[in-house]
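Participant: So you can see what is in the structure, the chains are spelled out below.
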Amino acid sequence: MAEITLKPTPCLGGVDLRIGAIHIQERDDLALICVAIPQEGEAAVADALLSTWDLPMPAPQRVSTAGERSALWGAPDQVLLLAPRVPERESEVAAALDGKGYVTDQTHAWVILEVSGPGVQAAFERLVPLDLDPDMFPAGAAARTALEHMAAIALRLEAERFLLLSASSSARSFLHALTTTLSWRAELSPDG
Amino acid sequence: MRVAGGLIDRSRTVKFQWNERWMTGHPGDTLASALLANDIRLVGRSFKYHRPRGIFSAGAEEPNALVELGKGAAREPNTRATQVELTSGLYATSQNHRGTLGWDWLALNDALAPFLSAGFYYKTFMWPKAFWERIYEPTIRAAAGLGRLSGAPDPDSYAHGFLHCDLLVIGAGSAGLAAALAGGRAGLRVVLADEDFQPGGRLNAEQFEVDDQPGAAWAAETARLLAEMPRVRVMPRTSVFGVYDHGTYGALERTIGGGPRQTLWKIQAKRALLAAGATERSIAFPQNDRPGIMLAGAVRTYLNRFGVAPAGRVAVLTNNDDGLRTAADLRARGIEVAATIDTREGGAVVATRGRQGLREITLASGKRVKAECLAVSGGWSPNVHLTCHHRGRPVWREDLSACVPGGALPPGLSVIGAAAGTMTLAATLREAHLAASTVAEALGATQGVGDPPRASDESAAITAFWHVKGQGRAWVDLQNDVTTKDIAQSHQEGFRAVEHVKRYTTLGMATDQGKTSNVLGLAILAEVAGQSIEQTGTTIFRPPYTPVAIGAFAGRARGKEFRPTRLTPSHHWAAENGADFVETGLWLRAQWFRRPGEAGWRDSVDREVRTVRSGVGICDVTTLGKIDIKGRDAAEFLDRVYANAFLKLAVGKTRYGLMLREDGFVYDDGTTARLGEHHYVMTTTTANAGLVFQNLEFARQCLWPDLDVHLVSVTDAWAQFSVAGPRSRALLSRVVDARDLSNEAFPFMACTECTVFGGTPARLFRISFSGELAYEIAVPTRFGDSMIRALMTAGEDLEVAPYGTEALGVLRIEKGHAAGNEINGQTTARMLGLGGMVSKKKSAIGAKLSEREEMVREDGLSLVGLRPVSRAVTLTAGAHFLAPGDPADMAHDQGWMTSVAYSPELGHSIGLGFLKRGTERMGETVRAYSPVRGEDRLVEVCSPHHIDPEGVRQRG
Amino acid sequence: MRFSALKILREGLTGNRGWTPMWREPEPKPRYKVLIVGGGGHGLATAYYLAKEFGETDVAVLEKGWLGSGNIGRNTTIIRSNYLLEGNQPFYEFSLQLWEGLEQDFNYNAMVSQRGILNLFHSDPQRDAYVRRGNAMILSGADAVLLDQGELRKMCPFLDYENARFPIQGALWQPRGGSVRHDAVAWGYARGADSRGVDILQNCEVTGFRIESGTLKGVETSRGAIEADKVVVCAAGSSSRVMALAGMRLPIESHVLQAFVSEGLKPIIPGVITFGAGHFYVSQSDKGGLVFGGDIDGYNTYAQRGNLPVVQDVCEGGMAIMPMIGRARLLRMWGGVMDMSMDGSPFIDRTHIYGLYFNGGWCYGGFKATPASGFCTAHLLATDKPHPTATQFRLDRFRRGAPIDEKGAGAQANLH
Amino acid sequence: MIINHPLLGPRDASEFVYKGDVALIDRPDGMETSLDEMHDYLHLRDNPAGEHQELWYHEQGDRSWLVVTRNTLTHEITNVALARDVARARGRSR
Ligand SMILES: Cc1cc2nc3c(=O)[nH]c(=O)nc-3n(C[C@H](O)[C@H](O)[C@H](O)COP(=O)(O)OP(=O)(O)OC[C@H]3O[C@@H](n4cnc5c(N)ncnc54)[C@H](O)[C@@H]3O)c2cc1C
Ligand SMILES: NC(=O)c1ccc[n+]([C@@H]2O[C@H](COP(=O)([O-])OP(=O)(O)OC[C@H]3O[C@@H](n4cnc5c(N)ncnc54)[C@H](O)[C@@H]3O)[C@@H](O)[C@H]2O)c1
Ligand SMILES: Cc1cc2nc3c(=O)[nH]c(=O)nc-3n(C[C@H](O)[C@H](O)[C@H](O)COP(=O)(O)O)c2cc1C
Ligand SMILES: [Zn+2]
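These protein sequence lines map, in sequence, to chains A, B, C and D. Position 149 of the first sequence, counted from 1, bears residue number 148 in numbering that gives the first Met the number 0, the numbering being contiguous throughout. Position 414 of the second sequence, counted from 1, bears residue number 413 in numbering that gives the first Met the number 0, the numbering being contiguous throughout. Position 340 of the third sequence, counted from 1, bears residue number 339 in numbering that gives the first Met the number 0, the numbering being contiguous throughout. Position 3 of the fourth sequence, counted from 1, bears residue number 2 in numbering that gives the first Met the number 0, the numbering being contiguous throughout.
Please keep in mind that the hints were generated in silico from the structure rather than gathered at the bench. Where a beta carbon is used, it is the ideal one built from N, C-alpha and C, also for glycine. Mixed in with the good hints there might be a few duds.
[To be verified] Straight-line C-alpha distance at most 25 Å; calculated BS3-like pairs for lysine-lysine:
#: 1; chain 1: B; residue 1: Lys128; chain 2: C; residue 2: Lys216
#: 2; chain 1: B; residue 1: Lys70; chain 2: C; residue 2: Lys265
#: 3; chain 1: C; residue 1: Lys28; chain 2: C; residue 2: Lys265
#: 4; chain 1: B; residue 1: Lys366; chain 2: B; residue 2: Lys647
#: 5; chain 1: C; residue 1: Lys265; chain 2: C; residue 2: Lys153
#: 6; chain 1: B; residue 1: Lys128; chain 2: C; residue 2: Lys28
#: 7; chain 1: B; residue 1: Lys47; chain 2: C; residue 2: Lys265
#: 8; chain 1: C; residue 1: Lys153; chain 2: B; residue 2: Lys122
#: 9; chain 1: B; residue 1: Lys122; chain 2: C; residue 2: Lys6
[Stated by the list, open to error] Label-pair distances were calculated between CB atoms; the ranges are:
#: 10; chain 1: A; residue 1: Pro133; chain 2: B; residue 2: Arg330; range: 37 to 45 Å
#: 11; chain 1: A; residue 1: Gly13; chain 2: B; residue 2: Ala151; range: 48 to 56 Å
#: 12; chain 1: B; residue 1: Ala331; chain 2: A; residue 2: His22; range: 54 to 62 Å
#: 13; chain 1: C; residue 1: Lys406; chain 2: A; residue 2: Gly12; range: 38 to 46 Å
#: 14; chain 1: C; residue 1: Pro166; chain 2: B; residue 2: Arg594; range: 18 to 26 Å
#: 15; chain 1: D; residue 1: Ala22; chain 2: B; residue 2: Glu919; range: 35 to 43 Å
#: 16; chain 1: B; residue 1: Glu457; chain 2: A; residue 2: His22; range: 17 to 25 Å
#: 17; chain 1: A; residue 1: Ser50; chain 2: B; residue 2: Ala574; range: 46 to 54 Å
[Unchecked claim] Partial pick of chain B residues on the chain A-facing surface, computed with a CB cut under 8 Å:
#: 18; residue: Ala459
#: 19; residue: Gly558
#: 20; residue: Arg562
#: 21; residue: Arg609
#: 22; residue: Gly757
If we strip away everything but chain A, and leave its shape as in the complex, we get (with noise of 0.2 Å):
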């Protein structure tokens, strides 16, 4: 059967629409790895990470960044890595981690959406529960949380700039949410 081979269908097809000033955009290029710290081993993760990547390891509830590396903070003794996506991310992180911690390639439990433009905050009042005041949450947060029945992982870029993850299964009731809630704030506030 050499001449089937297998493509990868974004979660939501790449979608890439603007509702009023806001902008929201399927990152399907990015990789979710995933390091589970042994007991006893988070300097000889933090080391790896730093020694390899030159990424610090991240404070609960912030994301070191180096170069188009990021590392988030996912548990005390969960790591979670976002890269550009490519096939050999996760057998990579192995090699560099080298036994020191335990891989596992989160990339297909998640759909990553940037959303991004003027007044973006506002809109996620209605939409996320975490506290987005940009001193509670600036540039560089990133925290779990639920919002409308799904786990969901928010993650600021800039003040008016997110990335928002979620399961990748109920990808589609995760958009409809964003969506509905984007043309409320259109509705009430079209300048953004």
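For chain A, the structure is supplied; the task is to place chains B, C and D with the ligands on it using the hints.
Facilitator: Chains B, C and D with the ligands alone, transformed into the frame defined by chain A:
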């Protein structure tokens, strides 16, 4: 009628309909002020006696002027006209009358009032017994109730929102505005919410001055200043309805100009100041409920804020100085004040006339005075409601004749202004300013707060006066028609605790929650009981402060969006290929795939089953929970959470695992595969995926915190397909790259990581739910759609076909595999015939308690197969088993049918079930009795493994 | 005083001056044969049946607040006997039968309204489970009807058949189920017990037990010590607190259940409707309010109040099946403290302390049980044997491995 | 209700799942455990009116189990800790 002045925009006219009549008002009007401007006095009917009623107040406390707003599906019953912002085209009708508003047949109740006193219904309607449901109750119900729901789905949308602030100020009257201003200047994040569309509170209703400006102008100016502060958010039309734990406040915003109809905000506030003002109350005197009898403060509101006089001739009845201001303000506008009756000078009203609108009052002296409006002030009750939402009780203050916040307030909440019992303006402004400054200081704000606004204190002296004794009924609760006599009778019958009085008389239980009547009722009860108001106590306030639409609480979680929908990776392909979908938990799964020419679902399912039994079929099984388990101690961990042994599972092997709850009942089952030295992947049932994960986390963090084991849920990461049937190996050999799939090289229960179709990573398991030679193959989710298409292409000549959940069910029932119908949380391993799997050599979760005496009884239930004695008969699930000849009752119940299917291979209906001593009863005939379905069948007990009992096929 | 239409007529004509107190307000006596701790539904019903059925009138009910202030006064009033398991079903059917004759029995109109209860189902497995349950009901003498979607539509045209996330396929209907005016139940039992000589002592909190070598001698209360031969604790949400005074730990946690009532509406909902794919059940009160509820908040509490997430969850459930209620307004929300047991089923049993009995673990379903619970508790007190319909409500059932777990949720109180 | 997560700060309780008394950490492991011990561990509760230490799982967050000290009469929370630390402090290990 309109008089000069007010905050309405007279340059524009707004047209609206009242009871099908077009009328006009102005922007800035409420429906109530516009009705009064149009000289409408009769607006509604009371609950019990259907007494004619008019507008009584000018705010949230309104008991009488409830209307149906809008028409068709948008009809909104019980809407307080006093809070409805007048908009162009607004459509409102009166409610709760049979016949017209003016001629209501149910007003007959009023004539029967002596027989309808408090609690009369508890003492009658008992004979004849059968009449209650058939006659009495339907009659009572039809008469009761207020407005009508449309019966159609609410056409609007509602949002939920989340706000976080340092300081929440509830109410934007003088107190709230001054507090928000100080907080805003200090640099705090402030939310200022007011349920009115116009900030200012009483300042808009009075002729006071602040900072040498008219109060209303100061309020408007201050609101504008606040709106310009970047960290302050001014929220008009937003009522804070409830105080929940740890600084969470519920607030409802009515949005205008687009977006959702309403937004339900959860406000998380470090501190809150309640500046909710006070509510005026009435005085009980005979026939005090007529249209035209209004609160004195409301009369001022209509006059000063809306430029409306409720009538041309107004009398004033008051027990305090505030009421006297009504007379003064009326006179200032040239309205005739027919009488000013001050109870402190011995004045009283002893009778009134005018059935559909007040015409005349009789004074204590016997003098009759013509008046179309009587403005009554019995004093003001601070709006303490929100301070009681944590079940605190207010305290009585004799000097104010009012309850003020007391006891333990919700943490973080303080009270200012009239809500705190500070009844005069200058004092309120100072108090508010100080309170906000204190908050700012406590939260570490460093900017200055400025000076408090200046004003002078008005006089607010009061001497309690509650009711005028005399002939005729004197109303306390206008909406629910509770009179002073009802309260007395309640006491007489032993209902003496204030909460008993409430429940027996329904005092304060109407849509206004007794905002104007509770304190009056208490005072009357105290008098009847011969005790102080303090001893009498109050009933408890509960959220919401004002009623909130159910739709708003639900937000957008309705219709198809009630819960998220999870789609399998092959969903689109399945939809293109004739699938019907079924909800399994949050997932939508293909139930079967229709093909042209198939008459019904059974045809499709039978075909799919046959395909798996004789060829090869594919089913998307992504929905099963998948958990990657990694770590040095992963094996040890698994051995503790599964009842059967897991320590010795070799790399490349898969094992069926039985998971018990700690109480020894079966929790979940699935397979766990060992993909590497420290790497396992566990599958769970679709339904329990989340719960199992949670329990495993509990075990890992709380029970054995030092085991090195890590869990990652990968359910959504892998698209997993079952490839089942004798030709499955042939198909997969074309799919999997460079791997020998022969029985020797890749035997039953083998597993491996591999690649497919020239390089896509995959996981392959040789496991079987159908009992056939079968595999499950997983690829990363985004490849799932491509994968199903590729599998179908690759297997075309093998006549591969997809199968759905229904065929999956048939296959497993034929094989006697337990699933959700059998593993329902009440099942032991023994019942499933898996008792032997529970290892006695370790103390795995659930092992110990699975040994309890009643769970190991010899005569317990066990899983059996069933087939109809008469093979043509169809079995249905849920039937109970009875021994033939036994009576059909609980005492002779012997179990039940859990699952059924039509077996295309056997050509008849088959079932699984739990039967007492089942395993010993093979070949026996029992009754499968299902009276709710009208069925009674004879079935033969057999092995649950209807097909291939030795399991030869899956190993082949 | 006997209540009747005639009596009302007479009183109405004479200014309603002749009504007398429904119960006395006696001082506690130093000693009673039987003390009942808790003046809620179960305590009062126990007193009533002790006096009426077993001739025992040397009884006092000790209530720490005003009678009926506990869960009897704050529940959503649903009665039904649509249980599945043999430990439960006959008991609840017995209770339903007692409801059916209650008003005539105690001459008080508690408005037992058998307008039916519908349990909606949304999937085939759920239908099968309801068939099994319906059959169990019929086997124990109750009534049950399986409705398909068409039949259900006729009864409830307003349900969301077209657009529901979890399609409404049909319902299990118990026509004899319904609702009752909850407060009136407490009042009716209190009046019936009082008139037979039982002392109802309000504002009388039990603060301790007198136990001598394993035998109960009496109780301490906020109104003084009282001696007794037998004491039964019917303290519902306070069960653990009261039994702790006797040194006992129970398989019970206290949790809050919230309930809600809307503003009054003209009749729109027949009987009781229960959502099968979310947490929501509703009926309409005689006054017109939609009385509804859902799941417990889920954390231990004695606070009689809950939080917003559950309010939202319940309203979501309501909107999911009947989107017409979107514009009905929620008028009041409150909470009651539930005695959640480890299997969701109750206890009516002796304890290891001679003379001390326990009635509790009713979770959110004890209102419907009130008559039978009172009857069976009275039976146990009077005969020292469990009533035939209540033989499995034993405190040792977990030790023996015989939980009565209708939901199959296992030994975690907040999952029932 | 707001739970002040020791690592993540204040979070709404709706992100969490409740389990019950912290004593559920003290599972009697080992083969010599008696049925009665296991029964009591699993079924009996102090169920106090007042301070209660209880287990919450941050399902919509970092999946940590927490031990929350909360008053069951007022809902006041006085302490929140990672359950893993509490478990270790209570002597649990492997
Ligand atoms: C919101 C809600 C909805 C419900 N819905 C339903 C329903 O629809 N159907 C249904 O069947 N059930 C329902 N229930 C459950 C039902 O209300 C209870 O199971 C039942 O009322 C409990 O029995 P009771 O009436 O005796 O309890 P309670 O009325 O709570 O009586 C216990 C009494 O004991 C008193 N007490 C406590 N401690 C002491 C002490 N130390 N000394 C003296 N007295 C003490 C209390 O003050 C209280 O009055 C609901 C409960 C709630 C809270
Ligand atoms: N003499 C008296 O007896 C008397 C009585 C009442 C008020 N007053 C006058 O009013 C001044 C007090 O002003 P104040 O600011 O305290 O009260 P206020 O009545 O002026 O303002 C209260 C505001 O709170 C709003 N509100 C109430 N509950 C709310 C809720 N739950 N959510 C949102 N908004 C809510 C109201 O809509 C109103 O605008 C006094 O100083 C006095 O001048 C006098
Ligand atoms: C079946 C039922 C119907 C109710 N109807 C109303 C009502 O119409 N109006 C109202 O104010 N409260 C109503 N309530 C709520 C009570 O006022 C009260 O909140 C509840 O009994 C709990 O008591 P508590 O709030 O005093 O703690 C109702 C309660 C129940 C149980
Ligand atoms: Zn929601």
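Participant: With reference to the structure, classify each hint as holding or not holding.
Facilitator: For each hint, the structure was consulted:
1. B:Lys128 x C:Lys216: 44 Å, violated
2. B:Lys70 x C:Lys265: Holds: B:Lys70 and C:Lys265 sit about 16 Å apart, inside 25 Å.
3. C:Lys28 x C:Lys265: Distance of about 49 Å is beyond 25 Å: violated.
4. B:Lys366 x B:Lys647: Measuring from Cα to Cα gives roughly 103 Å; hence the hint is violated.
5. C:Lys265 x C:Lys153: Given pair C:Lys265, C:Lys153 holds - Cα atoms ~19 Å apart, limit 25 Å.
6. B:Lys128 x C:Lys28: 39 Å, violated
7. B:Lys47 x C:Lys265: 13 Å, holds
8. C:Lys153 x B:Lys122: 35 Å, violated
9. B:Lys122 x C:Lys6: Judged against 25 Å, a Cα distance of about 8 Å means the pair holds.
10. A:Pro133 x B:Arg330: 37 to 45 Å: 56 Å, violated
11. A:Gly13 x B:Ala151: 48 to 56 Å: 39 Å, violated
12. B:Ala331 x A:His22: 54 to 62 Å: Once the Cβ atoms are compared, 58 Å apart, the range 54 to 62 Å for A:His22 and B:Ala331 holds.
13. C:Lys406 x A:Gly12: 38 to 46 Å: 41 Å, holds
14. C:Pro166 x B:Arg594: 18 to 26 Å: Once the Cβ atoms are compared, 24 Å apart, the range 18 to 26 Å for B:Arg594 and C:Pro166 holds.
15. D:Ala22 x B:Glu919: 35 to 43 Å: 42 Å, holds
16. B:Glu457 x A:His22: 17 to 25 Å: Check failed, 56 Å falls outside 17 to 25 Å.
17. A:Ser50 x B:Ala574: 46 to 54 Å: 49 Å, holds
18. Ala459: With a minimum Cβ separation of about 40 Å from chain A (threshold 8 Å), the hint on B:Ala459 is violated.
19. Gly558: 11 Å, violated
20. Arg562: With a minimum Cβ separation of about 6 Å from chain A (threshold 8 Å), the hint on B:Arg562 holds.
21. Arg609: For B:Arg609, the interface hint is violated, since the closest Cβ of chain A sits about 26 Å away, which is over 8 Å.
22. Gly757: 5 Å, holds
Comparing the model with each earlier hint shows violations of hints 1, 3, 4, 6, 8, 10, 11, 16, 18, 19 and 21; every other hint is respected.
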